[in-house]
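The chain contents come next:
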Amino acid sequence: MKYLITLLFTLLTITQINAQDATAILNKVDDNINSNTSITKSDMIIYGRRNQRTVTSVGYSEGKNKSFSEYLAPARERGTKMLKLEDNLWIYSPSTDRTIQLSGHMLKQSLMGSDLSYEDMMENRKLTEMYDAKVIGEETIDERKTWILQLNAKVDDATYDSRKVWIDTERYVPLREELFAKSGQLLKRTELKDVKRIDGRWYPTKMNYKDMLKDGKGTDFVVLEIEFDVEIPAYIFSKGALKR
Amino acid sequence: MKLAFHLAYKNLMGAGLRTWLNAGVLSFAFIVIIFYNGLIDGWNEQAKIDAIHWEYGHGHLLNENYDPYDPFSIQDGYGELSESNQNNLTPILIRQGNIYPSGRMMSIKIKGIAANQKTLCLPTHLLNDSSAAIPVIIGERMAESAKVSTGDELLLRWRDKNGTYDAATVTVAGVFETNVPFVDGGQIWMSIVKLREMTLLENKTTYFVANEQFKQTETPGWKFETQEYLMREQTKLINAKKVGGSILYVVLMMLGLLAIFDTQVLSIFRRQKEIGTYIALGMTRWQVVRMFTVEGAMYSVFATIIGAIYGIPILWYLSVKGIGFGMSGSEFGIILAERMYPIYGIGLIVGTIIIVILSATIVSFLPARKIARMDPVEALKGKVQ
Chain A
313 MKYLITLLFT
323 LLTITQINAQ
333 DATAILNKVD
343 DNINSNTSIT
353 KSDMIIYGRR
363 NQRTVTSVGY
373 SEGKNKSFSE
383 YLAPARERGT
393 KMLKLEDNLW
403 IYSPSTDRTI
413 QLSGHMLKQS
423 LMGSDLSYED
433 MMENRKLTEM
443 YDAKVIGEET
453 IDERKTWILQ
463 LNAKVDDATY
473 DSRKVWIDTE
483 RYVPLREELF
493 AKSGQLLKRT
503 ELKDVKRIDG
513 RWYPTKMNYK
523 DMLKDGKGTD
533 FVVLEIEFDV
543 EIPAYIFSKG
553 ALKR
Chain B
166 MKLAFHLAYK
176 NLMGAGLRTW
186 LNAGVLSFAF
196 IVIIFYNGLI
206 DGWNEQAKID
216 AIHWEYGHGH
226 LLNENYDPYD
236 PFSIQDGYGE
246 LSESNQNNLT
256 PILIRQGNIY
266 PSGRMMSIKI
276 KGIAANQKTL
286 CLPTHLLNDS
296 SAAIPVIIGE
306 RMAESAKVST
316 GDELLLRWRD
326 KNGTYDAATV
336 TVAGVFETNV
346 PFVDGGQIWM
356 SIVKLREMTL
366 LENKTTYFVA
376 NEQFKQTETP
386 GWKFETQEYL
396 MREQTKLINA
406 KKVGGSILYV
416 VLMMLGLLAI
426 FDTQVLSIFR
436 RQKEIGTYIA
446 LGMTRWQVVR
456 MFTVEGAMYS
466 VFATIIGAIY
476 GIPILWYLSV
486 KGIGFGMSGS
496 EFGIILAERM
506 YPIYGIGLIV
516 GTIIIVILSA
526 TIVSFLPARK
536 IARMDPVEAL
546 KGKVQ
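Heads up: the protein sequence lines correspond to chains A and B, in order.
For what it's worth, this note's numbering labels the leading residue of the first sequence as 313, then goes sequentially.
For what it's worth, this note's numbering labels the leading residue of the second sequence as 166, then goes sequentially.
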């Protein structure tokens, strides 16, 4: 959860845009959201056709390239661990006592049945390195005034050809993001809500991630506890931590 | 020898029902062996023909980075082959993608193929005939799992060569029926020109399918797999089925042969006076042994005749009408038609006859050896030895 929000926010930095405003907005978002390290306990609520299930996890992250998650509940997922280092992702499953590295085709698989795929977690580059941004308008979301930023890919290998991000004009927090295919087809939408003041930062504690091509309500992420800039032992970000 | 055959025939005919029961049981085993092997051979032949027509052609020329058994290799397993080396080859490009039928997400392979190809039975001409922006053809199992039919539209999502997502609506231009699951489930077929354009993989190909005229030459960066090599898994499966089936007919043969063995033991026990008389009339012991052995072996000859009488019409009927299983092998990932047509080769029939006759001769000989140890005087008196 923490990783996803951080990913979303930290990527919104220094942008080569014609409107100076867009750069300033993204910088402020970055300042507000980014921290060196964080520990987050969160619930991931996955909505199915007839039921829903909640997966609780604790996540440790350091910068954009290192993250470690351990699943705490339900019993079926308990003990499953995930480690991301740069472009590599490993998953440890306690039922098989095996660690596997996900790559290629497997990264396209759904993360625990959610609307998120593993590869959604793998993007390390800053948005500003990949996109040209400009402010294209304003809109009110949940009684909060936002700027709408249009991001168009300036590199060939951006996962999404364009994005739209809605940024709170006072708190500098993204409240919505939409991801588009090259054809202009809307692929994914992220809604961020329940923005709270935590350790001097405005931080959204609820996020809904929705694959727009699929039916359903998407996947919710709810922050239960979060700590910023805490010391995390180095061994956490090692493969050895997966089997501990 | 002629006398032995004559006497054996007379004795067997005289035994009446006992003879026909033994021969009947043996004939059943005989027919089952032929039927089962014929069924397996029919499956083998049908699978081979289907696989060649729908998937293998006369071999595959694969990019060296592509391994059909490794889905991870799809991403980078493609290359470019010079136009001059593409004679008698049909190019196929494979990419991964997702379709969203009725709001569900399905991971699929997108296969691009030359729409005017004639090497495979895939109805790729439908791709040319369609006026849709992106026409696709799919197999009926794919259509069933995605719950779509001809004319339906599907949202397709894929990534170009750089990894950027793209999405568009594709139209099902046709649904084909095939026994080959490897060209049906979990995939859609479209024009390779369109797929190359969509993925920015100009002139790139994952593998080529060779036609009859293709002459294999050394092509750097590409590896050729022959028909036989491509068929190896199916061949292994069929051979395994043959071995498994042999247990069935070993059991059946044992039943038939046990009946002959018992009959022989009983005959020798009850016909001691007759044996003594033969020897008294000048036959050697081994001539008598031979006569009894011929008698036992003759059961198998009768079994062959009885089997032919009722077996030929049944086996012929099944080979013409086929046997329906009510399900296709595609559901199990094997090439298996819903109706199978057994094939009975001369080799199979003659081989089975020889096996049955030889086995019956051996089990007839085993109890008859006892005659060689009999005292002819005691035998003549009919005393139990």
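No lab work stands behind these hints: they were computed from the structure.
Treat the hints with care, as some may be off.
As the list claims (entries may be wrong) - List time: in silico BS3-like cross-link candidates among lysine-lysine, alpha-carbon distance up to 25 Å:
| no. | chain 1 | residue 1 | chain 2 | residue 2 |
| --- | --- | --- | --- | --- |
| 1 | A | K494 | B | K486 |
| 2 | B | K312 | A | K526 |
| 3 | A | K353 | A | K494 |
| 4 | A | K526 | B | K274 |
| 5 | B | K312 | A | K438 |
| 6 | B | K326 | A | K466 |
| 7 | A | K529 | B | K276 |
| 8 | A | K526 | A | K476 |
| 9 | A | K476 | B | K312 |
| 10 | B | K274 | B | K326 |
| 11 | A | K438 | A | K476 |
| 12 | A | K526 | B | K369 |
| 13 | B | K369 | B | K274 |
| 14 | A | K494 | B | K274 |
Next on the checklist: Against the 25 Å threshold, does the CA-CA distance of K326/B and K466/A hold or violate the hint?
Outcome noted: Satisfied, since the Cα-Cα distance of roughly 16 Å is no more than 25 Å.
Checklist entry - If you draw a straight line from the CA of K438/A to the CA of K476/A, is it 25 Å or shorter? => result holds, 15 Å
Checklist entry - Quick one, are K369/B and K274/B close enough, alpha carbons at most 25 Å? => result Cα-Cα ~16 Å, so holds.
Checklist entry - Does K312/B lie within 25 Å of K476/A when you go C-alpha to C-alpha? => result Outside the cut-off at roughly 34 Å; violated.
Next on the checklist: Check the hint pairing K494/A with K274/B against an upper bound of 25 Å on the C-alpha distance.
Outcome noted: holds, 20 Å
Next on the checklist: So if I understand the rule, the pair passes when the alpha-carbon distance is 25 Å or less; does K526/A with K274/B pass?
Outcome noted: With a Cα-Cα distance of about 19 Å, the restraint between K526/A and K274/B holds, given a limit of 25 Å.
Checklist entry - Taken at face value, is the distance from the CA of K326/B to the CA of K274/B at most 25 Å? => result holds, 15 Å
Next on the checklist: With the threshold set at 25 Å, check whether the alpha-carbon distance from K526/A to K369/B stays at or below it.
Outcome noted: Violated, because 31 Å separates the two Cα atoms, which is more than 25 Å.
Next on the checklist: Can you confirm whether the C-alpha distance between K312/B and K526/A stays at or below 25 Å?
Outcome noted: holds, 15 Å
Item to check | K526/A paired with K476/A [C-alpha distance capped at 25 Å] | outcome: holds, 20 Å
Item to check | Pair hint outcome, K312/B versus K438/A [Cα-Cα no greater than 25 Å] | outcome: violated, 41 Å
Item to check | Hint consistency between K494/A and K486/B [alpha-carbon to alpha-carbon, up to 25 Å] | outcome: violated, 54 Å
The structure fails hints 1, 3, 5, 7, 9, 12 (numbered hints given earlier, in ascending order).
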